[in-house]
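Protein sequence lines, in the order shown, are assigned to chains S and E. For the first sequence, the working numbering gives the first residue as 1476, with consecutive numbering after it. For the second sequence, the working numbering gives the first residue as -3, with consecutive numbering after it.
Take these hints with a grain of salt, some might be off.
[As the list claims (entries may be wrong)] Anything over 12 Å on all C-beta distances counts as not near chain S; from chain E, calculated:
#1 Met25
#2 Pro125
#3 Arg178
#4 Arg285
[As the list claims (entries may be wrong)] No farther apart than 30 Å at their CA atoms in a straight line, the calculated lysine-lysine pairs in the DSBU-like style are these:
#5 Lys246(E) x Lys537(E)
#6 Lys1608(S) x Lys214(E)
#7 Lys1608(S) x Lys467(E)
#8 Lys171(E) x Lys1608(S)
It is worth saying that the hints were derived from the structure and are not from the lab. Backbone N, C-alpha and C define an ideal beta-carbon position, used for all residues, glycine too.
So you can see what is in the structure, the chains are spelled out below.
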Amino acid sequence: MQEGSCQDNGSHTRDHAAPEGGAGSSVPDAPMSAELAPAARAPLYAARDLNRCSGLLALSVLLDSSVEHYRGNFHNKAMYTPLSVSTLSLAASVHGVTGRRPLGHKTRLAVFALAIVTGVAGTLFHVYDIIRKPGGFSWQNLFYSAPLGAPSALTVAGLTGFFAERVRRGQTQVFGQDAARLAAITSAVAMVGTTAEAGLLHFRGAFHNPFMFLPVAMPPIAAGFLAYAGITTPRTAYPFTRRLLTATSLMGLAGTAFHVYGVSRAMGGWRNWQQNMVDGPPIPAPPSFSALAFAGIAALRLLGAKAPNGPERLGATKTGATGAVPRA
Amino acid sequence: MPVDFDSRPRAVAGRAPDVFDPKGGFVPMRSYDEDEAVDFVIVGTGAGGGTLAARLAELGFSVVAFDAGPFFRPLLDFASDETAQNSLYWTDKRVCDGENPIKMGGNNSGKAVGGSTVHFAMVSLRFRPEWFKSRSALGYGADWPLDWREMWHYYTVAERALAIAGPVHYPWGPKRPRYPYRAHEINAAGRLLAQGCEALGYRWAETPLATVSAPRGKSPPCVYRGFCRFGCSTNAKQSALTVWIPRALKAGAEIRDLAMVGRIEVDDQGLARGVHYVREGKWRFQRARHVVISAYAIETPRLLLNSATDRFPQGLANSSGLVGRNLMTQSNQAAWGRMEDQVRWYKGPPSLTITEHWNYEDRGKDFFGGYCWMGQGPMPIEWVSVQTGARGLWGERLRTEMMDYNHQIGVKMVGEMLPDEANRVTLDSDTDQYGLPIPRITYRWGDNDKRLIKHALDQMMMSLDSVGATKLFRQEDDTNHLAGTARMGFTPETSVVDADCRSWDIPNLWICDGSVFPTTGGVNPALTIQAIALRTADRIKALAIRGEL
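Please construct the entire structure, taking both the sequences and the accompanying hints into account.
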């Protein structure tokens, strides 16, 4: 995360001279002096990490909702909403990742807020779709009606983006809570939620392949360690938790490969991709584990920065490092 | 008109069709010499014989299983064409008489390796435990010599073998293990059944089906093509052809397709010696130490009766005089109607939801026995036959009614008919294409049967009415699955076989199919037949170990 440091530094200085966004913010600006720059960049890097996660999640939602809502024939016009909002979130995230200014951005913030709201509204729509059918909250309807947990991925994408906006400006508090802790706990909770979703759908698939147990077994452990990191005194490093999260992110990618294989096992296999991609295991779904694991790793980095010698973890020089990250 | 799909057998020269190969490949098959007395000859390869062939071979016995029908390749042979699929049924010449003659065909027969499981609707239900003691517990029919708890175990084994896709919790009867696969997504017809049940205050469930809802081995998950009561062209259906036959072949059994067994030979000691069968136009003889007949409720008694000798003038295993008697079918009446919205009932398996309410509720009945009803999704030609048959429609009115096909809904019962010795299979003087006397099937509904049917039709009509269906009508004439004609029991005087499916009269002659049912229950019989076959295989092994075979 040391690339283009001079450039970053420069833009930072320039931005500070002509601040953008973040209106009404009482957040202390990041220090400007050159020797503190690497540490000062920590929030920016963490923010961009978070934006990568929000972007990956948004991409996952975009692809997944495209396929699933196409499958549902867009019978309700509202079913286009997650496609457009996740596209916007993806764009905002890309903008955040590529942007080198350590300041908030009003439009990005608005997009992420919209994603949060859309996810919540989507969940309500999906709940309605389940309870209106005979059997109500039954396994049948949980399996085959609109997936209960899916829209919250958009909410989590929005939240992660929202945190990124705050962190980027060096703000250490979100919703009155510590941003690093909140990011860790949000990722952990979302990971458990995603596990529930995977568990439900893999149960629907009768765990016919033993590997289907993996995304049900591993992420909760990683989430547990991540949540533990989020509620305990920050440490400089979390090697074990980080390894677990890295493994979870790799599992998400492997899941995509498994789902590609799963599609091949349907009648006609990939020759009949138009049907089997829609009806088979969702290929865009498993990377949401990767996205959340990345978010968890970003949160660990933020937590590491809060530890007494945290900035060292971020590769900053020792000089003045501890004071570089503003503390609330 | 019987049409053999292919006049030449496919399972020959040490190989049998690979049912999972889309290119028409083969799997190796062990071959036995006709002069070699194999441990078991099995006549029929359906739910009873197919299961038994696999299990006996897996338990180390040498097995040759015969089927009069062809060895189909589902991926290549099964067209999405109702008429073409008639070749799966046993439509040989038969005489059906009595007050309520049984219509033979797709509902109750199969002529193929895999038997009628090749085209069965995959409904895989357990008996209500009390039915195994119908006489002593419920006051009608006859007791089975089997204990329901033992059957519960074999049901579980069968459900695992078939990867039954069923509900997470089954709402009736004693606790059962979770179905191996999850229930399928229910279609609009299934949902309407559920709504009707909820309106009447009855429980409903997803029907446990023998078609996979997720990949399993070489079977892809069901694609909801809807041609389920015919041959499944994707192999999602877990039939004897796709489950037991491949297992049997792998374990060293030989399958002889297009091989009609016409007579069981009995030696001077009164023991079965083997079977005479016709294949490729030539009569042949296969020696065997044991003979198992698994040819279902018409062909099993026919074969026993056709094998009469001087020593057994009334047919084999017939000292009780009960071979061919107590034939039972199941009432299969329906209520049909029209919904304002499109239903498209042909999507997916036809019977995705079920209510077994009246199988488990005894109060408020003026009849013995029980029944369930399930959602329906007849294909167009079948639907035409309902319109012409049950309603007598023709011409312009028929055409207009058929335009409503996408709006139609219906529920159909599977109802218990009581055993009656007068309902029976006998031999007719006429002969078939093999020169064998054909069966005469005599049937009459009893008063109890009629009361049960009336009760069920009223209930089903109420259920359709409660979901707002219009233009309701009853289909009053249909029947389906068969049972009886070689019942199992406690004594040689009152039954044909014992609890192990071994005939009382000839110790190396066994009968293992729906014929052995003393009563038929109000559910589809396929799973029970398979559970009995699984038990029989284990019993044979146990007897062999004890030297009592």
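Hint check results:
With a closest Cβ-Cβ approach of about 26 Å to chain S, Met25(E) is found to remain outside the 12 Å limit, as its non-interface label requires. The beta carbon of Pro125(E) is kept farther than 12 Å from every beta carbon of chain S, the shortest such distance being approximately 25 Å. A beta-carbon of chain S comes within 12 Å of the beta-carbon of Arg178(E); the shortest separation is about 5 Å. For Arg285(E), the requirement that its beta carbon stay farther than 12 Å from each beta carbon of chain S is met, with the minimum near 40 Å.
For the proposed pair Lys246(E) and Lys537(E), the alpha carbon gap of about 19 Å is at most 30 Å, so the pair holds. With a CA separation close to 34 Å, the supplied pair Lys1608(S) and Lys214(E) exceeds the 30 Å bound. Annotation: proposed proximity of Lys1608(S) to Lys467(E) holds, straight-line Cα distance about 25 Å (limit 30 Å). Annotation: proposed proximity of Lys171(E) to Lys1608(S) holds, straight-line Cα distance about 26 Å (limit 30 Å).
The structure does not agree with the numbered hints 3 and 6 stated previously, though it agrees with the rest.
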